[in-house]
Amino acid sequence: MAEEKHHIVPYRVYIIVLVALLVLTFASIGITEIELGAYTVAGALIFACIKSFLVLTYFMHLKYDKTYIKIMVGSVFVLFIVILVFTFLDYLYR
Amino acid sequence: MEETAHTEHVHYDAEASKIGMWLFIFTELLLFGGLFIIYSVYRFKNPEAFHLAATELNTTIGALNTVLLLISSMTIAMSTTTLQLKKKGATLGLLVITCVIGVVFLVNKYFEWGVKFDHGIWPGSEHLLNDFSQGEILFFGLYFVMTGLHALHIIIGLIIIVVAVWRVQKGTIHENRPSLLENAGLYWHLVDLIWIFLFPLFYLIT
Chain A
1 MAEEKHHIVP YRVYIIVLVA LLVLTFASIG ITEIELGAYT VAGALIFACI KSFLVLTYFM
61 HLKYDKTYIK IMVGSVFVLF IVILVFTFLD YLYR
Chain B
1001 MEETAHTEHV HYDAEASKIG MWLFIFTELL LFGGLFIIYS VYRFKNPEAF HLAATELNTT
1061 IGALNTVLLL ISSMTIAMST TTLQLKKKGA TLGLLVITCV IGVVFLVNKY FEWGVKFDHG
1121 IWPGSEHLLN DFSQGEILFF GLYFVMTGLH ALHIIIGLII IVVAVWRVQK GTIHENRPSL
1181 LENAGLYWHL VDLIWIFLFP LFYLIT
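For the record, the sequence lines run as chains A and B.
Position one of the first sequence corresponds to residue 1 (the numbering used here), numbered consecutively onward.
Position one of the second sequence corresponds to residue 1001 (the numbering used here), numbered consecutively onward.
Next up, chain A with everything else stripped away, as it sits in the complex:
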């Protein structure tokens, strides 16, 4: 069987991503301690989205995966956002 050659991710990449994730974690703790009112939720969620993007791309190897796997993963998040938006359209305008 022809073994598919895997992309070997260098250790350096993982260490850089971990440092970025830790910095983002402490930044999100910092930003929620400032009184921003309604923007606190948005701020914390933006940091969480950036962090999950890094985890998906580098730790879960999506960067090195075939396009169709990326599309599949993207579709699930789009589906989630659609359900969230529809739920809130219902609650906001009922």
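Worth flagging that the hints you see were computed from the coordinates, not collected in a lab.
Take these hints with a grain of salt, some might be off.
With a Cα cut of at most 25 Å, we get these calculated BS3-like pairs of lysine-lysine [as the list claims (entries may be wrong)]:
no.: 1; chain 1: B; residue 1: Lys1087; chain 2: A; residue 2: Lys63
no.: 2; chain 1: B; residue 1: Lys1045; chain 2: B; residue 2: Lys1087
no.: 3; chain 1: B; residue 1: Lys1018; chain 2: A; residue 2: Lys70
no.: 4; chain 1: B; residue 1: Lys1116; chain 2: B; residue 2: Lys1170
no.: 5; chain 1: A; residue 1: Lys63; chain 2: B; residue 2: Lys1018
no.: 6; chain 1: B; residue 1: Lys1018; chain 2: B; residue 2: Lys1109
no.: 7; chain 1: B; residue 1: Lys1109; chain 2: B; residue 2: Lys1170
no.: 8; chain 1: B; residue 1: Lys1018; chain 2: B; residue 2: Lys1170
no.: 9; chain 1: B; residue 1: Lys1116; chain 2: B; residue 2: Lys1018
no.: 10; chain 1: B; residue 1: Lys1086; chain 2: B; residue 2: Lys1170
no.: 11; chain 1: A; residue 1: Lys63; chain 2: B; residue 2: Lys1086
no.: 12; chain 1: B; residue 1: Lys1018; chain 2: A; residue 2: Lys66
Counterexamples of contact, computed for chain B against chain A with all Cβ distances above 10 Å [unchecked claim]:
no.: 13; residue: Lys1018
no.: 14; residue: Ser1040
no.: 15; residue: Lys1045
no.: 16; residue: Leu1070
no.: 17; residue: Val1103
no.: 18; residue: Phe1197
Using N, Cα and C, we set each Cβ at its ideal position, and we do this for glycine too.
Given chain A, put chain B in place with the hints provided.
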């Protein structure tokens, strides 16, 4: 049936097993996704109560657990690299570190929940039902269900990693057969991914 006797024809399809793992991860994402939608609707309906209840949670323990999970995610991701570089000892070492960090996470969770129980706060407890508002009861219900379900995933992830350690040791996971380790990694990252959202929603936004 006869074909199964020829061990050299053992079916192995790395791509198919990766797709299978991702499909399973999608069901997990939508399971937690549903809970996140419940959380956001209840938060929208009870902003004051959620604000008040969230101040009860210990941000320091939450932050510590976040850091632990992120580090463990890196160690298991690194183990896929060491496996491909045929460094068996390093692979085993990284997997054991991942396991130890996972156990420390659970120990922290045990103490965190223990403090809540000592304060008389658990799902359906008299103190919670009598002295808290409807919104706060909802917050703590979601807190126990979501972090509990997440902890259950940590336990399952630990079992899978232990199996991976055993199979790497035995030599049935190696540079040409990395699927089980890679899928174990994907599962562990999923657990990390969920925590990335649980942490700000329960511990940070007060």
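* Asked: Does Lys63(A) pair with Lys1086(B) here, judged by a C-alpha cut-off of 25 Å?
  -> Given that 25 Å is the threshold and the Cα spacing comes to 23 Å, the pair holds.
* Please settle this one: Ser1040(B) was flagged as non-interface, so is its CB more than 10 Å from every CB on chain A? => 7 Å, violated
* **Pair hint outcome, Lys1018(B) versus Lys1109(B) [Cα-Cα no greater than 25 Å]** => 31 Å, violated
* Asked: Phe1197(B) clear of chain A by more than 10 Å, beta carbon to beta carbon?
  -> 5 Å, violated
* Given the hint that Lys1018(B) pairs with Lys66(A), does the C-alpha gap stay at or below 25 Å? -> Satisfied, since the Cα-Cα distance of roughly 11 Å is no more than 25 Å.
* Proposed proximity, Lys1170(B) with Lys1116(B) (alpha carbon, max 25 Å) -> 43 Å, violated
* Proposed proximity, Lys63(A) with Lys1087(B) (alpha carbon, max 25 Å) -> Satisfied, since the Cα-Cα distance of roughly 24 Å is no more than 25 Å.
* Minimum Cβ separation between Leu1070(B) and chain A greater than 10 Å? -> 5 Å, violated
* Asked: Beyond 10 Å from chain A, beta-carbon-wise, is Val1103(B)?
  -> Label holds. Min Cβ-Cβ 20 Å, cutoff 10 Å.
* **Lys63(A) paired with Lys1018(B) [C-alpha distance capped at 25 Å]** => Roughly 14 Å separates the two Cα atoms, so the pair holds.
* Asked: Can the restraint linking Lys1116(B) and Lys1018(B) be considered satisfied, given a maximum Cα separation of 25 Å?
  -> 40 Å, violated
* To do: Verify that the Cβ of Lys1018(B) lies farther than 10 Å from every Cβ atom of chain A, and report whether the claim holds or is violated.
  => Since the minimum Cβ distance to chain A is about 7 Å, Lys1018(B) lies within 10 Å and the statement is violated.
When the structure is compared with the earlier hints, violations turn up for hints 2, 4, 6, 7, 9, 13, 14, 15, 16 and 18 and for no others.
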